[in-house]
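Line order of the protein sequences matches chains A and B.
Sequential numbering from 67 applies to the first sequence in this note's numbering.
Sequential numbering from -19 applies to the second sequence in this note's numbering.
Calculated directly from the structure, the hints in this document are not laboratory data.
Keep in mind that a hint or two might mislead.
[To be verified] Okay, the calculated beta carbon distance ranges per label pair: (1) A/A116 - B/V6: 37 to 45 Å; (2) A/N149 - B/P42: 23 to 31 Å; (3) A/V94 - B/G(-6): 29 to 37 Å; (4) B/A112 - A/A116: 45 to 53 Å; (5) B/V89 - A/W68: 47 to 55 Å; (6) B/I25 - A/P114: 27 to 35 Å; (7) A/N149 - B/L120: 54 to 62 Å; (8) A/Y137 - B/A85: 14 to 22 Å.
The structure displayed is predicted, hence computed values, not measured ones.
By construction, the Cβ of each residue, glycine as well, lies at the ideal position given by its N, Cα and C atoms.
Each chain is listed here by its residues.
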Amino acid sequence: MWELDPPTLITVLTIIFSSIGIVLGCVVPAIMEGIATKQALESMARQPEAANDLRTTLLISMALLESTAIYVLLVILILIFVNPLLDRFFI
Amino acid sequence: METVTPQVVFTIFGIAIKDSVVSTWVIMVVLITLAWFVGKYKPGIAEVIIDSISGIVASVMPDDTKVIKYLSILGTLAIFLVVANIFSVIPFLVAPTANINTTLALAIVVFFAVHGFGILEKGPWGYIKSVASPIFILPLEIVSQVSRTVSLSIRLFGNILSTDLIVAIVFSIIPFFLPLPLVALSILTGVLQAYIFTVLASVYIASAVVVEDKETERRRLKREASRSS
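So that you can see chain B by itself, here it is in the shape it has in the complex (with noise of 0.2 Å):
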């Protein structure tokens, strides 16, 4: 249990940092090199990889959305999620996603872009119309937001610390060969559910700005249409 639980490395004023914060230190050092390296000397590398990931982020969002304006968000999210998840596979490292503050405090980043993109697209009164067009939805509608980000911040925290458990675990009975499945399952579950949370925060974002304004679209048609006949 000790090599996934957080351990306190040092301590600064009084404030004790753990050993997921340092990791998640070491992957903003390293992804901040690589992408001004990337970016410099070998743009058809970044550019591949800005394709794949609005690929991913437009097959989930309506077919008129302007993705480039939320990709700098999701794009972040889903390069940091796919290293930080699979950073445990290297030795005395531990991932920083196996802590549940790192992924509640990246679901809260996400419930304030969705709230923060929904008022940017239709201001605020129109928003908060949007959100509370019946004023009886409101309350579901909080209950919907604060169970989204819990759930999603527990999905994957539990994926993770699942995984590393597990490899930990048999890596206590067996140390030979026999955790290396296990490993492979690990980098496979870590890319999945960095997928899955880069989709998930790209459906609730176009939730957030786009359906209702086809919904309202519609019914001014509807609203016209019967003007006209």
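Isolated chain A (complex conformation) (with noise of 0.2 Å):
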């Protein structure tokens, strides 16, 4: 792989790296929300009359723990659509 010209190999490796960072920063989030919903339903379940209370701190924290899937995923945006490394040394 590495005898190919430089710009192709940025762009493979960019897309090989952008795929292994979606995935992780997919991943992480999704299991750490669905930690979050578990303790909260079931708190929920145990006083359901401070169900009210729980589920506004519950989907603030929901955003808050998305917010870094959303991070990952702009980043990978750049690095496919617009790339500041190709940009840079290349054009």
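Two chains, each in its own frame: build the complex with the hints.
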């Protein structure tokens, strides 16, 4: 693979590592959101009178957790569509 | 990618007007007309909307807050964001919040609203004292303010852009019936993100306005108790 010309090499490496990055960046927040939802559901089942407070807090914390996955997605969109390395070195 | 990146519609004096700006103008006209119409002829609908939004805002603020003071900016944010996030459901139109400039502008509005309400509530000196009560808290506070503004804008932008992109990609592969669940998902995400933006803005305003007040109140009560005993 290393005998490719540099722009093609950078493109291939970008695609490979973007795939790895989006998998990691989706899986880890999904697991953590699952844990948070599990705990919140258990608490709601135990104390149904606190369900409204728990739901609001759960939504806010899920948004904060989800934003990390969104950051990964943004970085990977930038890498795929407007790759700064290609622009800087080869155009 | 052309369906989700901003396109130049026309130029005024060399300033390029992108399609998200035109969408924002359309939404502004529609919302102002609807607000005038509903307020004049159907006040019951306006009452229902205001009640639901003030219930959402009051559920995250402390109990003794006057919600009605902050309801003008938070309600405007909620209504505008609900309409703007699901605006790309209509064919040939783009959501204005799929452009990072719109969401960054909204987040900066929230940033100044937080400090403005804090200063209005406590006075300039009192607000500075509450932000930097031990002075080494001040750099942490500045970092937290800037990062919460950036994360507020990037969260909304990333969610709306990603769902629009998914719909566009699936539509370019299979244009029959398969994009429909994804359009439903984009509507759900849009409404949820509008709710989350409003709730986070009210949490930030509440943290600037109320919490330190209760803390100083608690300290004052403690001091009086120790003095009397």
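How the hints compare with the structure:
no.	hint	result
1	A/A116 - B/V6: 37 to 45 Å	holds (43 Å)
2	A/N149 - B/P42: 23 to 31 Å	violated (48 Å)
3	A/V94 - B/G(-6): 29 to 37 Å	violated (46 Å)
4	B/A112 - A/A116: 45 to 53 Å	violated (35 Å)
5	B/V89 - A/W68: 47 to 55 Å	holds (50 Å)
6	B/I25 - A/P114: 27 to 35 Å	holds (32 Å)
7	A/N149 - B/L120: 54 to 62 Å	violated (35 Å)
8	A/Y137 - B/A85: 14 to 22 Å	holds (20 Å)
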